[in-house]
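We have chain F; now place chain A onto it with these hints.
So the protein sequences, as listed, match chains F and A. The opening position of the first sequence corresponds to residue 1 in the numbering used here, with each subsequent residue numbered one higher. The opening position of the second sequence corresponds to residue 1 in the numbering used here, with each subsequent residue numbered one higher.
Keep in mind that the hints were calculated from the coordinates and are not lab data. Among the clues, some could well be false.
Partial selection, computed: residues in chain A whose CB lies under 10 Å from chain F [what the hints assert, rightly or not]: (1) M31; (2) T44; (3) L45; (4) G52; (5) K65; (6) F66; (7) P67; (8) N82; (9) I90; (10) L92; (11) G108.
If you're wondering where the values come from, they're calculated on a predicted model, not measured in any experiment. Even for Gly, the Cβ is constructed at its ideal location relative to N, Cα and C.
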Amino acid sequence: GIQVEQSPPDLILQEGANSTLRCNFSDSVNNLQWFHQNPWGQLINLFYIPSGTKQNGRLSATTVATERYSLLYISSSQTTDSGVYFCAPIHTGNQFYFGTGTSLTVIP
Amino acid sequence: SAVISQKPSRDICQRGTSLTIQCQVDSQVTMMFWYRQQPGQSLTLIATANQGSEATYESGFVIDKFPISRPNLTFSTLTVSNMSPEDSSIYLCSVQLADAGAQYFGPGTRLLVL
Numbered sequence: 001g002i003q004v005e006q007s008p009p010d011l012i013l014q015e016g017a018n019s020t021l022r023c024n025f026s027d028s029v030n031n032l033q034w035f036h037q038n039p040w041g042q043l044i045n046l047f048y049i050p051s052g053t054k055q056n057g058r059l060s061a062t063t064v065a066t067e068r069y070s071l072l073y074i075s076s077s078q079t080t081d082s083g084v085y086f087c088a089p090i091h092t093g094n095q096f097y098f099g100t101g102t103s104l105t106v107i108p
Numbered sequence: 001s002a003v004i005s006q007k008p009s010r011d012i013c014q015r016g017t018s019l020t021i022q023c024q025v026d027s028q029v030t031m032m033f034w035y036r037q038q039p040g041q042s043l044t045l046i047a048t049a050n051q052g053s054e055a056t057y058e059s060g061f062v063i064d065k066f067p068i069s070r071p072n073l074t075f076s077t078l079t080v081s082n083m084s085p086e087d088s089s090i091y092l093c094s095v096q097l098a099d100a101g102a103q104y105f106g107p108g109t110r111l112l113v114l
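So here's chain F without its partners, still in its complex pose (with noise of 0.2 Å):
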């Protein structure tokens, strides 16, 4: 398989700031994918994005594969936003490999 790195491990952000998680993978991947699973534990997908960039509101993802990044863009932070962060990428056939994770708190 491939390895996966996220980072920061840990963030803390007061609410209204920007922040920006970064996720390395030590392959070329088929496509790539981020999750926020929230404090219940249910697993939300942000983005499906083998390549370029996508925006959802407060939300934008930008994958280059040639050199083996995506990184997921939050703007003005909410409390709502907490919870920890994953990307997923697929290397071969169907298989997702997660990351290490992104853990967010977002303080009023």
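Same frame as chain F, but now just chain A:
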């Protein structure tokens, strides 16, 4: 997308017993997966649930411990057998709607083994 439900949502079990977790999808899907998430950890793939044939297990997971059924394209079960406290985790099923396509997760089953 797909709507996925899991039962039970949580359970507390005694060591040595077994628990069967159900996963129901609102549409027919080819690919279904089972994951484990141990406390404070990332997700680890247990197996791919294959319809009409034996599941495909990842390294470190065996059928005797985690038997899986997939009787049709909308339903699967995962059994956690002969449980120990180390099996305390969140167990999640997921589906993939197309080859290399996006994956969607159920709400998870929180298991505590005493």
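Have a go at the L92/A hint: is there a Cβ in chain F nearer than 10 Å to its own Cβ?
holds (7 Å)
Is the hint on K65/A kept, meaning its closest Cβ partner in chain F is under 10 Å away?
This interface hint is violated because 20 Å lies over the 10 Å limit.
Against chain F, run the beta carbon of N82/A and see if the smallest gap drops under 10 Å.
Hint violated; N82/A Cβ to chain F Cβ min 25 Å, cut 10 Å.
Checking hints one by one. Is F66/A an interface residue toward chain F, by the C-beta closer than 10 Å rule?
violated (17 Å)
Take the shortest C-beta to C-beta distance between I90/A and chain F; is it under 10 Å?
holds (6 Å)
Satisfaction of the P67/A interface hint, Cβ to chain F closer than 10 Å:
Where the cut-off is 10 Å and the nearest Cβ of chain F is about 21 Å from P67/A, the hint is violated.
Interface hint outcome for L45/A [beta carbon to chain F under 10 Å]:
holds (7 Å)
With chain F as the partner, please determine if T44/A meets the hint condition of a C-beta pair closer than 10 Å.
holds (8 Å)
Using 10 Å as the Cβ threshold, decide whether M31/A counts as touching chain F.
holds (6 Å)
Taking 10 Å as the limit, does the beta-carbon of G52/A come near enough to a beta-carbon in chain F?
It is violated, given that the least Cβ distance between G52/A and chain F is near 18 Å, above 10 Å.
Under the criterion of a CB-CB separation shorter than 10 Å, is G108/A in contact with chain F as hinted?
holds (5 Å)
Hint compliance for this structure: hints 4, 5, 6, 7 and 8 are broken, all remaining hints hold.
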